[in-house]
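Asks: Going line by line, the protein sequences match chains Z and C. Note that the numbering used here gives residue 69 to position 69 of the first sequence, counting from 1, and the numbers run on in steps of one. Plus 138 on top of the position in the second sequence (first one is 1) and you've got the numbering used here.
Some hints here could point you the wrong way.
Straight-line alpha carbon distances no greater than 25 Å define the calculated DMTMM-like cross-link-like pairs of lysine to aspartate or glutamate that follow [said to hold, decoys possible]:
| id | chain 1 | residue 1 | chain 2 | residue 2 |
| --- | --- | --- | --- | --- |
| 1 | Z | 122 | C | 182 |
| 2 | C | 156 | Z | 126 |
| 3 | C | 143 | C | 242 |
Don't read these hints as lab results, they were simulated from the structure.
2 protein chains.
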Amino acid sequence: MLEYKELKEGQVLEPLTKEPVTKVQLVQYAGASGDFNPLHTDDEFAKSIGMNGVIAHGMLVMGFLGEYVMKLAGTNAETTRFRMRFGAMTRPGDVITCSAVVKELYEEAGKKYVSLSLTAAKSSEETVGSGQAVLKFY
Amino acid sequence: MLEYKELKEGQVLEPLTKEPVTKVQLVQYAGASGDFNPLHTDDEFAKSIGMNGVIAHGMLVMGFLGEYVMKLAGTNAETTRFRMRFGAMTRPGDVITCSAVVKELYEEAGKKYVSLSLTAAKSSEETVGSGQAVLKFY
Chain Z
1 MLEYKELKEG
11 QVLEPLTKEP
21 VTKVQLVQYA
31 GASGDFNPLH
41 TDDEFAKSIG
51 MNGVIAHGML
61 VMGFLGEYVM
71 KLAGTNAETT
81 RFRMRFGAMT
91 RPGDVITCSA
101 VVKELYEEAG
111 KKYVSLSLTA
121 AKSSEETVGS
131 GQAVLKFY
Chain C
139 MLEYKELKEG
149 QVLEPLTKEP
159 VTKVQLVQYA
169 GASGDFNPLH
179 TDDEFAKSIG
189 MNGVIAHGML
199 VMGFLGEYVM
209 KLAGTNAETT
219 RFRMRFGAMT
229 RPGDVITCSA
239 VVKELYEEAG
249 KKYVSLSLTA
259 AKSSEETVGS
269 GQAVLKFY
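All chains, please: the whole structure from these sequences, using the hints.
Replies: Following this line, the structure appears as structure tokens:
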């Protein structure tokens, strides 16, 4: 959980490494999200459209980053902005690490804010998503 | 919807034929039921344990029979008993037909009942489940 007074611009925050993505997790995410595109759950279908097999829902990876941002904010701040751009595909077995760099610290209307540059990457350092979040401290 | 006065013991009721089972449906059923055993959603896993591929959750087939019984009961009766024994496995692509035979008509404490023998079968006539239901008429 971040403490505003301990942050510096350019600071690299402690990352969050998720357990390897599993096919069961993609089935669970299909149910949780309502996105039942078989590209995410049916290897045979995925191969029929030229993929090597199923790929994760992009929003699952955004969910990983969201979990990370929520942990950074903890009970000290609220998330006022959160966005992400997708990069490489995530496949079962991939280990995703979420990381963040402090981009800017600022005050507005008497409130303290931090903007973060976010990255979700495979262990191979291949980026699967990059984004931005703004936390407003209480 | 059944009308008590039109029923006879031994009568064969109008069947219900479901759309072919799909892999997406199994993913949906995993989410709806909370049964995420990959045997039902991951062909690769299913093959690794000696199957030809994924098989449907047995309870999905029971759900088909349940839907059938509910349609038979409609607003004329309530289901007071419903049970099923599983037979052959159901796979994606299988077309399941639910059928019923009137086993017994009886009255108890002034209420009219019908017991039904239920069958869920593949188009090949291979039985995937057999069961019994009792409807109590209003």
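Asks: Each hint: holds or not?
Replies: Here is what the structure says about each hint:
1. Z:122 with C:182: Holds. Residue 122 of chain Z to residue 182 of chain C sits at ~23 Å (cutoff 25 Å).
2. C:156 with Z:126: The hint is violated at about 45 Å.
3. C:143 with C:242: holds (13 Å)
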